[in-house]
Each structure stands twice: as structure tokens, then as C-alpha cells.
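Chemist: Sequence:
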Amino acid sequence: MTIRLLGTGAADGIPGFFVDNEVSRWARENGGKDIRTRSGAVVDGVLKIDFPPDTFHQAVRDRLNPRDWTGVVFTHSHEDHLAVAEIQYALFPFTDRDHLGLSLYGNAQVCSKFRERYPDWPMDLVETHSFVPYNHASYTITPIQARHKEDEDCQNLIIQRDDKTLLYATDTGLWSHETFEFLTQFKLDLLVIECTDGLRKGTYAGHLDLEACVEVVDALRQTGVLDRSSRVVTTHHASTGGARHCDLERALGKHNIQPGYDGMTIRI
Numbered sequence: 001m002t003i004r005l006l007g008t009g010a011a012d013g014i015p016g017f018f019v020d021n022e023v024s025r026w027a028r029e030n031g032g033k034d035i036r037t038r039s040g041a042v043v044d045g046v047l048k049i050d051f052p053p054d055t056f057h058q059a060v061r062d063r064l065n066p067r068d069w070t071g072v073v074f075t076h077s078h079e080d081h082l083a084v085a086e087i088q089y090a091l092f093p094f095t096d097r098d099h100l101g102l103s104l105y106g107n108a109q110v111c112s113k114f115r116e117r118y119p120d121w122p123m124d125l126v127e128t129h130s131f132v133p134y135n136h137a138s139y140t141i142t143p144i145q146a147r148h149k150e151d152e153d154c155q156n157l158i159i160q161r162d163d164k165t166l167l168y169a170t171d172t173g174l175w176s177h178e179t180f181e182f183l184t185q186f187k188l189d190l191l192v193i194e195c196t197d198g199l200r201k202g203t204y205a206g207h208l209d210l211e212a213c214v215e216v217v218d219a220l221r222q223t224g225v226l227d228r229s230s231r232v233v234t235t236h237h238a239s240t241g242g243a244r245h246c247d248l249e250r251a252l253g254k255h256n257i258q259p260g261y262d263g264m265t266i267r268i
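Counting from 1, one number per residue, gives the positions in the sequence shown under this note's numbering.
In short, the hints are calculated from the structure, not lab data. Only a predicted model underlies this, so the values are computations on that prediction, with no experimental measurement involved. One or more of the hints may lead you astray.
Pair ranges (Cβ atoms, derived) [as the list claims (entries may be wrong)]:
hint : residue 1 : residue 2 : range
1    : M123      : F56       : 16 to 22 Å
2    : V19       : R267      : 30 to 36 Å
3    : D96       : N30       : 39 to 45 Å
4    : R61       : S138      : 23 to 29 Å
5    : D151      : G263      : 33 to 39 Å
6    : Q88       : K201      : 38 to 44 Å
7    : A85       : D151      : 18 to 24 Å
8    : R61       : E29       : 16 to 22 Å
9    : N135      : K187      : 16 to 22 Å
10   : R117      : R267      : 32 to 38 Å
11   : E152      : K201      : 22 to 28 Å
12   : D218      : E249      : 16 to 22 Å
13   : E127      : F180      : 21 to 27 Å
14   : D68       : H177      : 38 to 44 Å
The calculated DSS-like cross-link candidates involving lysine-lysine, where the alpha carbons are at most 25 Å apart (straight line), are [stated by the list, open to error]:
hint : residue 1 : residue 2
15   : K164      : K187
16   : K254      : K33
17   : K149      : K201
18   : K33       : K201
19   : K187      : K254
20   : K254      : K201
21   : K113      : K149
Ideal Cβ positions, reconstructed from N, Cα and C, are used throughout, including at glycine.
Starting from the given sequences, assemble the full structure and let the hints guide the process.
Modeler: Have a look at this one:
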């Protein structure tokens with residue numbers, strides 16, 4: 001299984017859209033791995049995770065053909081993960097298709113946004129629920145409940161194919177006991193986890209700072225969900241977290257965690 005991190009930034013990316021802090025200034029001046037577009041990924045070139053407003057740019061930058069994507073799995077309905085209007089470009093009159101050429105999977109709020117925006121278009125739209133697995137092609141996808149938005153079943157995604165298991169966990173907050181307990185039945189080859197607030201102590205319970213991220217990873221290692229061969233990579237970094245990519249490498253490296261970056265490809 002291969003996952004490509006197309007975007008590793010939080011809601012306004014890095015450099016922050018209208019932000020003039022140290023991290024944003026560094027990114028504007030130096031570019032490279034410090035440029036972070038809104039978070040999204042693609043598994044094996046066919047299974048898309050989230051559809052942020054930067055998806056067009058990411059596809060062009062990485063020379064991807066979105067017509068290869070057979071499904072899009074959404075974590076939740078926030079606009080940096082669900083740019084619902086962008087899906088129109090997969091349909092007539094922008095293409096020669098009279099139907100959407102991929103399946104869409106998301107919670108009740110995600111499905112509602114698609115139905116409201118495209119009431120007359122035929123779509124393979126599947127409502128998903130935390131802790132209830134479903135299949136797409138050769139993948140088994142099991143959503144687990146994140147603690148990100150009180151009025152929504154925000155989901156992190158366990159993706160399995162053959163003997164490989166990936167957990168894509170952005171916008172997690174600190175998981176509930178139920179989520180931690182549910183995870184103990186899995187052995188992860190790769191964990192992609194948010195570290196939104198970086199070196200700054202987070203004030204919003206729906207995101208993790210570096211200290212909380214390490215605590216979550218340590219807990220998964222102690223229960224055996226992660227073992228010595230498991231890789232851990234971060235995503236969803238905000239400029240307000242006060243950390244450049246090199247700062248994240250130093251701080252996370254001590255815990256055998258690797259900061260992700262836009263375009264990073266991970267094979268497991």
C-alpha cells in the first residue's frame with residue numbers, strides 16, 4: 001500500500017493565507033517542505049482522502065490524473081476538507097461524463113452538503129458511521145470517531161488492503177476511551193496523525209499539539225497497536241504552531257515520529 005500526502009497544512013495552509021508570523025515568513029522566503037497546502041491524501045493512486053480547496057493545485061503539482069480516483073473518503077464536513085463545489089468539475093459540461101465517475105463516502109453532514117449542492121445529479125453517495133466498516137474495491141475502510149466537532153460524527157480512517165493497515169487521523173482531538181479501546185484490535189503499519197498546534201499549547205480541544213500528539217502515539221505503542229516496525233508521520237500543521245519543518249524534525253525525531261510534507265510518498 002502507498003499513500004501520498006498531497007497536503008499537510010491546516011485550514012489556512014502554510015504560509016498562513018493572511019498571516020504574517022515567523023513560520024509564514026520563513027515559508028514564503030524559503031519554500032520547500034515549509035509550504036503546506038490544505039490536508040488531503042491519495043492511497044495507491046486511486047482512493048482519495050478528503051477533497052480540500054487545494055486539490056486542483058495538488059493534482060497539477062504532482063502530475064496526478066483525478067480520473068484515476070475511484071472513490072473519495074471524507075473525514076468531516078469542514079471546508080478545508082470538503083470543497084463541495086469543486087466536484088462539479090468532474091461532471092458535464094466540464095467533462096463528457098453524465099455521471100460522477102467515483103464513489104463518495106462521508107458522514108451525514110458530508111452527504112447532506114452533496115445532496116443540497118447537486119440535487120439532480122446521479123451520485124454514488126454512501127453515508128458512513130464511526131466503528132462501522134465498509135468496502136470500496138479491494139479496501140476495507142473502518143471509520144473511528146474523532147473528537148473534533150461536537151455536533152458531527154467526525155471520522156478518522158482505518159484503511160486495510162491485503163495484509164497492510166493504515167490509520168489516517170487528521171482533526172482527531174484526544175480520542176475518547178471508546179475509540180482507544182476500539183483501536184486495540186488493530187495492528188498499524190502506518191499512522192498518519194495530525195499535529196496542528198505544533199510547539200504551541202493548543203487551546204482548541206479538537207486538535208493536537210506536539211505534546212498531545214506524542215502522548216497519543218505513546219499510548220498506541222504501549223497497547224501494541226503500534227510496534228517497532230510501525231511508521232508514524234504527522235500532517236495538518238498550522239503556522240500558528242510556531243514550528244518550521246526543521247523544528248518539527250528535531251522535536252518529533254526524539255520520539256521516532258517523522259513530520260510529513262506535501263508530496264511525501266510512504267510505502268508500507
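Chemist: Do R117 and R267 keep their Cβ atoms within the hinted range of 32 to 38 Å?
Modeler: Distance hint for R117, R267 holds at roughly 36 Å.
Chemist: So if I understand the rule, the pair passes when the alpha-carbon distance is 25 Å or less; does K187 with K254 pass?
Modeler: Given pair K187, K254 holds - Cα atoms ~23 Å apart, limit 25 Å.
Chemist: Can you tell me whether the CB distance of A85 to D151 sits inside 18 to 24 Å?
Modeler: The hint (18 to 24 Å, Cβ to Cβ) holds, given that A85 and D151 are roughly 23 Å apart.
Chemist: Return holds or violated for the Cβ distance of D96 and N30 against the range 39 to 45 Å.
Modeler: The hint (39 to 45 Å, Cβ to Cβ) holds, given that D96 and N30 are roughly 42 Å apart.
Chemist: Taking 16 to 22 Å as the stated bounds, is the beta-carbon spacing between N135 and K187 within them?
Modeler: holds (20 Å)
Chemist: Is the distance from the Cβ of D68 to the Cβ of H177 consistent with 38 to 44 Å?
Modeler: This hint holds: roughly 39 Å between Cβ atoms.
Chemist: Please test the hint of 38 to 44 Å on the beta carbon pair from Q88 and K201.
Modeler: holds (40 Å)
Chemist: For the pair E127 and F180, does the Cβ-Cβ distance stay inside 21 to 27 Å?
Modeler: holds (25 Å)
Chemist: If you check the beta carbons of M123 and F56, does the distance land in 16 to 22 Å?
Modeler: holds (20 Å)
Chemist: Taking the Cβ atom of V19 and the Cβ atom of R267, is their distance within the range 30 to 36 Å?
Modeler: holds (34 Å)
Chemist: Sort out whether K149 lies within 25 Å of K113, counting only the CA atoms.
Modeler: Satisfied, since the Cα-Cα distance of roughly 16 Å is no more than 25 Å.
Chemist: Please work out if K254 and K33 have their alpha carbons no farther apart than 25 Å.
Modeler: holds (20 Å)
The structure meets every hint from the earlier list without exception.
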